[in-house]
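K.L.:
Given only the sequences and the hints, what does the whole structure look like? Please build it.
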Amino acid sequence: MQQIQVPENNAAMALICLLIPLLPFIGFVINGLGNGKLPKSVVTLVGCGSVLVSFLLSIYLFISFPAGSVGYTTEIFNWIKVGSLSIPFAFQIDQLSLIMLLLVTGVGFIIHVYSAGYMSHDPGFGKFFAFLNLFIFSMLLLVMGANYAMMFIGWEGVGLCSYLLIGFWNKVTPYNNAAKKAFIMNRIGDLGFLLAIFLIFMTYGSVTYSEVFTQAPTLPVSSEMITAITLLLFVGAMGKSAQLPLYTWLPDAMAGPTPVSALIHAATMVTAGIYMVLRSNVLYTMAPITLEFVAIIGLATAVFAASIGLFQNDIKKVLAYSTVSQLGYMFLALGVMAYSTSFFHVLTHAFFKALLFLGAGSVIHAMSGEQDMRNMGGLRKALPVTFITMLIGTLAISGIPPFAGFFSKDEILAHVFEHNKIMWAFGLLASFMTSFYMFRLMFLTFFGGFRGTEEQRHHLHESPKSMTLPLIILAILSTIGGFMGLPPVFSENHSLGNFLAPLFTASQQLNPEAFGHHMDHATEYMLMGISVVVALIAAIIAYVIYVSKKSVPAAEGTETGLHKLIYNKYYIDELYDSIIVKPVMGLSTGLYRFVEKGIIDPVVHGFGRITMGGGRGLRVLQSGAIGSYLLTMVAGIILILVLNYIMR
Amino acid sequence: MDHLLSLLIFLPLLVAAIILAVPSRFIKAIKLLTLGAAAAVLVLSLMTWFSFNPSQPAYQFVEKADWFGLQLSSFGYFQVQYFLGVDGLSIAMVLLTGIVGVIGVLSSWNLQTKNPKGYFALYLLLLASVMGCFLALDMFLFYLFFEFMLLPMYFLIGIWGGPRREYAAIKFFLYTLVGSLFILIVMIGLYTSVIDPIATAARAGLSANQNATQFLLQTGKLASENLVHTFSIPAMTEAANYIPGSMLHLLSDREIFGYPARLLAFLVLFAGFAIKIPVVPVHTWLPDAHVEAPTPISVMLAAVLLKVGAYGLFRIAFPVFPEAAVYFSSFIAGLGVLSILYGAFCALAMSDLKKLIAYSSVSHMGFVLLGLASFTTEGVSGAIYQLFSHGLISAMLFLVVGVLYDRYHNRQISGFRGLASALPAFTFFVVVAFFASLGLPGLSGFIAELLVLLGAFTSASANGLLSRWFAVLAAFGILLGAAYYLWALQRMFFGKFWIKPELQTGTTPQDLTAREYFMLVPLAILILAFGIFPHLLLDKVSPAAAGFVNTMLSEGKTNLPEMLNLLP
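Those sequence lines, one after another, are chains A and B. Mapping to this note's numbering: the first sequence position 626 is 626, numbers consecutive. Numbering-wise, this note's numbering comes out as the position in the second sequence, counting from 1, plus 1000.
Quick caveat, the hints were computed from the structure, so don't treat them as lab data. From a predicted model like this one, the values you see are computed outputs, not experimental measurements. Accuracy of the hints is not assured; some may be wrong.
[Stated by the list, open to error] No farther apart than 27 Å at their CA atoms in a straight line, the calculated lysine-lysine pairs in the DSS-like style are these:
#, chain 1, residue 1, chain 2, residue 2
1, A, 582, A, 171
2, B, 1114, B, 1028
3, B, 1496, A, 127
4, B, 1540, B, 1064
5, A, 40, B, 1496
6, B, 1496, A, 37
7, A, 550, A, 381
8, A, 81, B, 1540
9, A, 582, A, 317
10, A, 549, A, 569
11, B, 1500, A, 171
12, B, 1496, A, 582
13, B, 1496, A, 171
14, A, 317, A, 171
15, B, 1496, A, 317
16, A, 171, A, 127
[Unchecked claim] Residues from chain A that keep clear of chain B, each with C-beta distances beyond 10 Å, as calculated:
#, residue
17, 67
18, 289
19, 314
20, 465
21, 562
22, 577
[To be verified] Pairwise CB distance ranges, derived in the manner of DEER restraints:
#, chain 1, residue 1, chain 2, residue 2, range
23, B, 1170, A, 640, 32 to 42 Å
24, B, 1514, A, 314, 38 to 48 Å
25, A, 635, B, 1224, 32 to 42 Å
Think of the CB as a built atom: it goes at the ideal place given N, C-alpha and C, for glycine as much as any other residue.
P.N.:
Here it is in structure tokens:
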């Protein structure tokens, strides 16, 4: 991939590139230092304003981007230079980073506005906006960086923000557990990422994208090294994007305030893993074994997480498992080399999942903090805007045309169908479950009679403008967002695909097969028909159970058999606790008690005792009696003489 | 400034002497004098730092004078020099000592001391000796300062320490004394083997230059009574300065327990410094010393004293015995990884916050060994970076523990819950310190550990010395670091505010005072600055690191085969 430096007004471009992440950082500093002192209006202005300006600057970059170009880099300063290692602090502006920029700052801004309403009663208002701005800054570094080291900085930075925001209400112990778990589980992935960076540096002598990718084809396809690099990178992606087996932190992360769940744990941060694979697509294309692995993990996650989502009663938990499942879909797409399709789903998912989370937040807000759907019901009258917008989100995620999710999901399934029919069938199963749990969520929340307390009923209210407006904007995006990628049967012009194409030219040269269209229109229509029918059937089943029969999930602990297994999330948390956490803790106390206090210290004390004992023993000789000294002296002289004689 | 380096050492000594003359009722004056001296040292070290030219490989600000000498008939002339200088390896340590020196005085300000006069005089003595270690280029002088550190430290822990202070002080004293003994043995061995070529030429009345003298020496043309033995470290690093047939000459066939003398000498020297670092399994003095030491002394201990041990490896053990260092590289890296993991596991098991941090120091110092043993520019630069960065971070960590201890006279993790809501500003600095220590990007610890791990990882392909598994295992230490810090954070700072009933003071705890801000804010800023702009330090350090690696590898690898021929 060749880099073209934009020759004229390069300095201005560099400044704009720098300002985009810098503004949210300044917002973080102002709100952080002024925490508790600044009035809420100022906090809101700084927090939202900085992200809005970044968004506008991103739009400017997007518009002024030369179409069809391969992008450019702007170097700000030389960050690390030691020996043969040289890492510039530089930004890469190309199709991928531009769209991510728009997504992060755009959706980020909408969610900032929403937060101003949602968090308005919270004493930690300033702190919240400071953390949120810090997150935007880190995420922008992640997507704008021109090398793997900068991606890693952003990567760990968003992990920190995620930790701080999950544990935002840090007086509640389970929330802190969730935060700690998220950080540590992400760190496991980060280790893989770090080792991958080392291997990349060792192999290519650089960690800068442009240099790595131009040299990439020097390694043979499927060589051990390229497989190792891509697998290790993927370990990082598994952590950040919550794939099997490193997914359990994400459902727990719902402990954070709902805007956080929408922004970080649905729309942006968790898609960083997909961004990473897309960024490294050349490397992945050269490693078919890894791609197959990615596809299998993605598919397994999609099915597994969707099945857990079927019986969750916490409204946010349902959405969390849904996110894990949808991320699995995206990896499935990456695994079958449908790169731009995967990114398409990243975008549509960002719209509808942010919408669903914010909608859930609006419901929770109205229900005075209640999250259990068993205590909701019939809310559509009290919360009309929330209801309509969430319904749009549900239709979008279930893949009902013409909403956004239909196009991206259908495109993924079509690519999977070409790759492997069995995988396609499982993908369809996940899609069925998705539609079921989403309609179950809608029916339990908005239909039937109200099941909450009288007090909650009294407080029911539609959320303020600052919260409904973001819902409406996201609902519009979820409705029309799919049209940026129309399937071939409707239009030959896949605008997103065309725009992204230059990113994948190197991959295409390596493996032209994977990029061609082989499907005839009849098959394509058939696949579309099947997925829509499957989604509708699932919706109807949900309607029958939860609306016609008015059944409400039973109370805790009454589940049996498979239902119980699924309700308890297959006991994966318990499994991890007993095979990882407990042994590590055991090893740590064991080492301290038996090695430190049982071996090393006694040995040291032993030396001490020998010395002391020796001293005490020798003290006897220092009796002070001249006679014994003389005797010893004479004996000594005799001994020396004798030895002298023998030695000769 | 011709005597910048001498001033760095003797200014605090002079002020210590003045303090002894001040009547002890003028506590304020004593404190101000100490602070003034520490501040002057900081200013001087900054001057050294800014006028240091990294592109010049030779020692800078060199001061060299004959100190004393002795003609020992046919054994030759014994010379001891007052020889100071800085290069890229020591400049960072000088600056670090300057910074931490001031922080230490500030944190001593309200210490309830039994005898403030003695305390502050000893403190300055400690500061001067540490500085001396980093500046000395004559091994005798180095050893002198090295031993001098022991004395104030022993008293500072033993008199002003916690309840088990005597046990801790004696343990510290014995451990480091054994270490010093090891160093002394090798120092004497080196002294008998190494000559100063220029002084020898002068003494023998030859007009020969250095190379010619070395040639004469190696061909046995110099009379032994004319040889000028030296403690000069630069002289010790040149193989041509070793007397043929002497104990530590490269081609000496002396064997001790079946091992070539040089390999053994290196090991003994390494052991001496390893105790000071400390390296597992000779680390157990450290947690005890930390737990009993008063806060400022813990700060000095973790931030600069431990660095002296590692610096001894950089300055003496490795360059003097390059082939042995190369030969034992895997062993050293293995000890580094052992320290990283073992320290981290022990930290996880701790119930006392200060002890937890002490074990985390053991863990983090392991990275220094690993980076050093990688023999790559990245790894060695990273090791120096780690010394500097850990100095700042550990100072901050021990300060925050001190803040807690000042308020409750307790450091048990189980004694506190939800401190964040009672002491928000304090909690902020705790979080910064913890995340810096667990290697969060953007803070200085990350740069150091990244470079060390990268160096260790690429060593396999760059010079073939270390297996990649060392780096992979060490990386798990980072994971454990996240575990013990976040766990401690969660247990002590989050949740509902609660303090063990017997610790309650009845009053609302005070958040940070102005003096505490004054110590913590600069450290936090420095940690951030060196995390974002690593070139501030790397520009000064990495040329020297590159030179170090080149010399070590070229000499080490050429000399090693000859040495190994001697092995049975």
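K.L.:
Taking only the CA atoms, is the gap from residue 550 of chain A to residue 381 of chain A under or equal to 27 Å?
P.N.:
Measuring from Cα to Cα gives roughly 18 Å; hence the hint holds.
K.L.:
What's the verdict on residue 582 of chain A and residue 171 of chain A, does the C-alpha distance respect the 27 Å limit or exceed it?
P.N.:
holds, 25 Å
K.L.:
For a C-alpha distance cap of 27 Å, please report whether residue 1540 of chain B and residue 1064 of chain B respect it.
P.N.:
holds, 23 Å
K.L.:
Under the criterion that the straight-line Cα-Cα distance not exceed 27 Å, is the pair residue 549 of chain A, residue 569 of chain A satisfied?
P.N.:
holds, 26 Å
K.L.:
Are the Cα atoms of residue 81 of chain A and residue 1540 of chain B separated by 27 Å or less?
P.N.:
holds, 11 Å
K.L.:
Using Cβ atoms and 10 Å as the threshold, tell me whether residue 289 of chain A really stays out of contact range of chain B.
P.N.:
Given a closest Cβ separation of 21 Å, the condition holds.
K.L.:
Look at the Cβ atoms of residue 1514 of chain B and residue 314 of chain A and judge whether their distance stays inside 38 to 48 Å.
P.N.:
Holds, at about 47 Å.
K.L.:
Verify that the Cβ of residue 67 of chain A lies farther than 10 Å from every Cβ atom of chain B, and report whether the claim holds or is violated.
P.N.:
holds, 35 Å
K.L.:
Compute the least Cβ-Cβ separation between residue 577 of chain A and chain B, then decide whether it is above 10 Å.
P.N.:
holds, 14 Å
K.L.:
Are the Cα atoms of residue 1496 of chain B and residue 127 of chain A separated by 27 Å or less?
P.N.:
Cα-Cα ~18 Å, so holds.
K.L.:
Quick one, are residue 40 of chain A and residue 1496 of chain B close enough, alpha carbons at most 27 Å?
P.N.:
Holds - the C-alpha atoms of residue 1496 of chain B and residue 40 of chain A are around 25 Å apart, at most 27 Å.
K.L.:
For the pair supplied as a hint, residue 1496 of chain B and residue 317 of chain A, confirm whether the alpha-carbon distance does not exceed 27 Å.
P.N.:
The hint holds at about 25 Å.
Of the numbered hints stated above, none is contradicted by the structure.
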